[in-house]
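2 protein chains.
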Amino acid sequence: MQRGTNLGRLGDFNQAVIFESIRRAAEGISRVELAESTGLSPQTISNVVRRLLDEGLVREDRTVVSGPGKPRTVLELEADRLLSLGIHVDPGMVSVVMLDLRGDVVVSKRVDEPSLEDPERTIEAMAAAVEELVEASGRPRQRILGVGVVAPGPMDRERGFLAAPPLLDGWNHVEIVEPLRRRLDMDVLLEKDTIAAAIAELWKGPDHGRDNFLFMYIGAGIGAGIVVNGEVLRGVSNNAGEVGHFSAGMEFVEDGAEPCEECGRLDCLAVAFSFTRLAGSARRRGIDLPEELDATVAGRAAGMNRLVELALAGNEDAEALIGGGARMVAQVAIRLANALDVDKVIFGGPLWSALEGRHLGAVAEVINAGFVARDLHGVKVVSSDLGHLVGAIGGACAVMDAVLSPKASALLLH
Amino acid sequence: MQRGTNLGRLGDFNQAVIFESIRRAAEGISRVELAESTGLSPQTISNVVRRLLDEGLVREDRTVVSGPGKPRTVLELEADRLLSLGIHVDPGMVSVVMLDLRGDVVVSKRVDEPSLEDPERTIEAMAAAVEELVEASGRPRQRILGVGVVAPGPMDRERGFLAAPPLLDGWNHVEIVEPLRRRLDMDVLLEKDTIAAAIAELWKGPDHGRDNFLFMYIGAGIGAGIVVNGEVLRGVSNNAGEVGHFSAGMEFVEDGAEPCEECGRLDCLAVAFSFTRLAGSARRRGIDLPEELDATVAGRAAGMNRLVELALAGNEDAEALIGGGARMVAQVAIRLANALDVDKVIFGGPLWSALEGRHLGAVAEVINAGFVARDLHGVKVVSSDLGHLVGAIGGACAVMDAVLSPKASALLLH
Numbered sequence: 001m002q003r004g005t006n007l008g009r010l011g012d013f014n015q016a017v018i019f020e021s022i023r024r025a026a027e028g029i030s031r032v033e034l035a036e037s038t039g040l041s042p043q044t045i046s047n048v049v050r051r052l053l054d055e056g057l058v059r060e061d062r063t064v065v066s067g068p069g070k071p072r073t074v075l076e077l078e079a080d081r082l083l084s085l086g087i088h089v090d091p092g093m094v095s096v097v098m099l100d101l102r103g104d105v106v107v108s109k110r111v112d113e114p115s116l117e118d119p120e121r122t123i124e125a126m127a128a129a130v131e132e133l134v135e136a137s138g139r140p141r142q143r144i145l146g147v148g149v150v151a152p153g154p155m156d157r158e159r160g161f162l163a164a165p166p167l168l169d170g171w172n173h174v175e176i177v178e179p180l181r182r183r184l185d186m187d188v189l190l191e192k193d194t195i196a197a198a199i200a201e202l203w204k205g206p207d208h209g210r211d212n213f214l215f216m217y218i219g220a221g222i223g224a225g226i227v228v229n230g231e232v233l234r235g236v237s238n239n240a241g242e243v244g245h246f247s248a249g250m251e252f253v254e255d256g257a258e259p260c261e262e263c264g265r266l267d268c269l270a271v272a273f274s275f276t277r278l279a280g281s282a283r284r285r286g287i288d289l290p291e292e293l294d295a296t297v298a299g300r301a302a303g304m305n306r307l308v309e310l311a312l313a314g315n316e317d318a319e320a321l322i323g324g325g326a327r328m329v330a331q332v333a334i335r336l337a338n339a340l341d342v343d344k345v346i347f348g349g350p351l352w353s354a355l356e357g358r359h360l361g362a363v364a365e366v367i368n369a370g371f372v373a374r375d376l377h378g379v380k381v382v383s384s385d386l387g388h389l390v391g392a393i394g395g396a397c398a399v400m401d402a403v404l405s406p407k408a409s410a411l412l413l414h
Numbered sequence: 001m002q003r004g005t006n007l008g009r010l011g012d013f014n015q016a017v018i019f020e021s022i023r024r025a026a027e028g029i030s031r032v033e034l035a036e037s038t039g040l041s042p043q044t045i046s047n048v049v050r051r052l053l054d055e056g057l058v059r060e061d062r063t064v065v066s067g068p069g070k071p072r073t074v075l076e077l078e079a080d081r082l083l084s085l086g087i088h089v090d091p092g093m094v095s096v097v098m099l100d101l102r103g104d105v106v107v108s109k110r111v112d113e114p115s116l117e118d119p120e121r122t123i124e125a126m127a128a129a130v131e132e133l134v135e136a137s138g139r140p141r142q143r144i145l146g147v148g149v150v151a152p153g154p155m156d157r158e159r160g161f162l163a164a165p166p167l168l169d170g171w172n173h174v175e176i177v178e179p180l181r182r183r184l185d186m187d188v189l190l191e192k193d194t195i196a197a198a199i200a201e202l203w204k205g206p207d208h209g210r211d212n213f214l215f216m217y218i219g220a221g222i223g224a225g226i227v228v229n230g231e232v233l234r235g236v237s238n239n240a241g242e243v244g245h246f247s248a249g250m251e252f253v254e255d256g257a258e259p260c261e262e263c264g265r266l267d268c269l270a271v272a273f274s275f276t277r278l279a280g281s282a283r284r285r286g287i288d289l290p291e292e293l294d295a296t297v298a299g300r301a302a303g304m305n306r307l308v309e310l311a312l313a314g315n316e317d318a319e320a321l322i323g324g325g326a327r328m329v330a331q332v333a334i335r336l337a338n339a340l341d342v343d344k345v346i347f348g349g350p351l352w353s354a355l356e357g358r359h360l361g362a363v364a365e366v367i368n369a370g371f372v373a374r375d376l377h378g379v380k381v382v383s384s385d386l387g388h389l390v391g392a393i394g395g396a397c398a399v400m401d402a403v404l405s406p407k408a409s410a411l412l413l414h
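Going down the list, the protein sequences come from chains A and B. Be aware that the first sequence starts at 1, since it is given in our numbering, and climbs by one per residue. Be aware that the second sequence starts at 1, since it is given in our numbering, and climbs by one per residue.
Only chain A is shown next, with the shape it has when bound in the complex:
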């Protein structure tokens, strides 16, 4: 069934476009510049700007002199007018952030030693952390748009729970959104880590416009945020980005390795870049990693961090294993880049942010060498600026993105 559009949809969309342009202009932007950059008429600009001024989302009280000509009055974002919160539930950690409209972190907090095996206590701890953060920020509660909870998939975003997440054993079908909403009396949404990372990159990263890119998220799990024409690809159930069973390449598999229990392959990314597999290789090379790390989700995440620390401290075997992991992810990235014909791949996530300096060059080389349409265009490979908090930041951005971002797809009548 085909759906049309109408003036109301058009108005909402243009307002979002104009707001986004002002939001992105660090030095302010004049009405004339807005008309040029958006392609909209001065009348439309004027109507929308009046609404944005009335709502206190922008101000227009600064005059800028640049060159000869008349000084111009610029519109600027009232970044503190609206705020949002993000919580990242990762096997390796739970972190919470508050962002302003620009995407800047107002306050952040790491919940120490969450009992991830006990979802109820974790949810309790999340709610307490949010309350502390709001308190610490000194911001009025009514400015907070909502809370975005980010977790590994698969998940039922609409109903607010995780569905058989391979990295969070006890969380299958445990409600997250509803208990948090009750405790906090705030709007709460759930978002998959890879999708949240891509939203964060769009909202807070450099202006990607209508770009097409992959965000290779490397944390306790590994996934791909996919952006098509400047919008995040969600998939039919908001679970896009699952690449765990792509082949990393048999060259990364040592003799005697166990195949993946799920897909049966020896070299799928989920098993080849797992702590269990890497720890086996590390121990054979004489690296001391206590066996008890293997037993729990939190232990495996801690063990992976331990390997990264060793690599950063100069342990060559650890460095080789972690570098191999980065190249495995590159093998997956290149296949997705070919399938989707993107010209940019962004690496990020908690693990990557410790590694980037050492492996970006090698990874970029692998990707460009294997890109099938390389005669037509290259693939820019970069590190995300968002650091290890990208998940939590993505949750907070998802809240604002849902309300404020212009989306061509939202132009259609429901």
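Think of the hints as simulated: they come from the structure by calculation, not from any bench. Note that the structure is predicted; figures quoted are calculated from it, not measured. Some clues are possibly wrong.
A pair holds if it fits inside one copy or across any two, identical chains being indistinguishable in the list.
In silico lysine-lysine, DSBU-like type, Cα no more than 35 Å apart, as pairs [claimed, not checked]:
{"id": "1", "residue 1": "K70", "residue 2": "K380"}
{"id": "2", "residue 1": "K109", "residue 2": "K70"}
{"id": "3", "residue 1": "K344", "residue 2": "K407"}
{"id": "4", "residue 1": "K344", "residue 2": "K70"}
{"id": "5", "residue 1": "K380", "residue 2": "K109"}
{"id": "6", "residue 1": "K109", "residue 2": "K407"}
{"id": "7", "residue 1": "K344", "residue 2": "K380"}
{"id": "8", "residue 1": "K344", "residue 2": "K109"}
{"id": "9", "residue 1": "K407", "residue 2": "K380"}
Assemble the complex: chain A is given as a structure, and chain B must be docked to it using the hints.
Coordinates of chain B only, in the frame set by chain A:
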């Protein structure tokens, strides 16, 4: 940079939505039904319908009685009002079709033994075939919107040539669009086979609405047409759909197999499902396939068809090899389905159309077993109805799609 939209864009989009709704209504559709299905106001429907009637694209002269109530007058497509042509240049064959607005084949033709190693002669033969087809159709030339040429990628769609296509050796940077345009005095566009197949499925297949699906194209090459929210994903250079170097699975690799020259893997789809690899296996099983088939692109394509014929004739070894190929493609489909979170995979293309009956069930089982979000939704696996002409049909559909289909992305100001 963010771009807004305006009334002109909105009008064009709604016109396309209304036309598409009438085009799809095999039994006709009334104005009241149109307003319901599109969500548009009766005034908008009335304005657009007047334009469509004026242009002769629809008619409104039939009254339908259904149930009690007043008989309703229905709008119906004038399918013959506009036509388009599609040419599929495949290593296995060159085929040409003429379609009407409904997507029905008016006439079609297969160019016998095209000298694919000689692009100039092939282009000459394509132009001649188009002229013959127009003549045979008896339709006035001015009704023809244009010609869509379909070929394996990678290609430079904008400039109208193929760029290092692995399956068409002599065609690197040979201009196709411009010489055809000159000879035929028609609009000509170039489209990648996987993208054309997905457009054909959207235009001529069942109403996929705003669906997300993969079209696994199995011909001389294998690729994936990707549809997101009812629109084909093109990628930044119109080369999306390249999956040749995804791993088919080591279980399909026999001892002594040669790795892929491009990616180095033993089990990438391009090498594992190549005629060269399959012919080796077939000969070891005593199947007679002349060695000279291996030497040329056309020979390898003919050899693959020979294997399919043997399988269909009941040769169990050939059947096992071809069935293995179908399962290889399923292995790729499942990974893409997970990455993109689609709920439908459509198999099609020249080779598949000979095979479908025998392998659809097995392929559907493999895909659903490996789908990561299976707790949330299944993946419907079906065969395309478009048959072996899907490439040529896709070329013709691409011409009409470019002019007539509603696309949310086209709402943005340029």
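Against the structure, the hints come out as follows:
Taking identical chains as interchangeable, the C-alpha atoms of K70 and K380 are never at most 35 Å apart, the minima being 40 Å within one chain and 62 Å between chains. For the identical chains of this complex, K109 and K70 are neighbours neither inside a copy (47 Å) nor across copies (67 Å), given an alpha-carbon limit of 35 Å. In the homo-oligomer, the alpha carbons of K344 and K407 lie at most 35 Å apart both inside one protomer (21 Å) and across protomers (24 Å), since each shortest distance falls under that limit. In this homomeric assembly, K344 and K70 never come within 35 Å of each other (Cα to Cα): the closest approach is 40 Å inside a single copy and 58 Å across copies.
Taking the shortest Cα distances, K380 and K109 sit within 35 Å of each other inside one copy (33 Å), while across copies they are farther apart (43 Å). Taking the shortest alpha-carbon separations for K109 and K407, only the intra-copy value of 31 Å comes in at or below 35 Å, while the best inter-copy value is 43 Å. With identical chains, the CA atoms of K344 and K380 are at most 35 Å apart both within one copy (5 Å) and between copies (31 Å). Proximity of K344 and K109 under a CA criterion of 35 Å is satisfied intra-copy only: 31 Å inside one chain copy versus 41 Å between copies.
Taking CA atoms no more than 35 Å apart as the test, K407 paired with K380 passes in both settings, with 25 Å inside one copy and 28 Å between copies.
Hints 1, 2, 4 from the list above are not met by this structure, while the remaining hints are.
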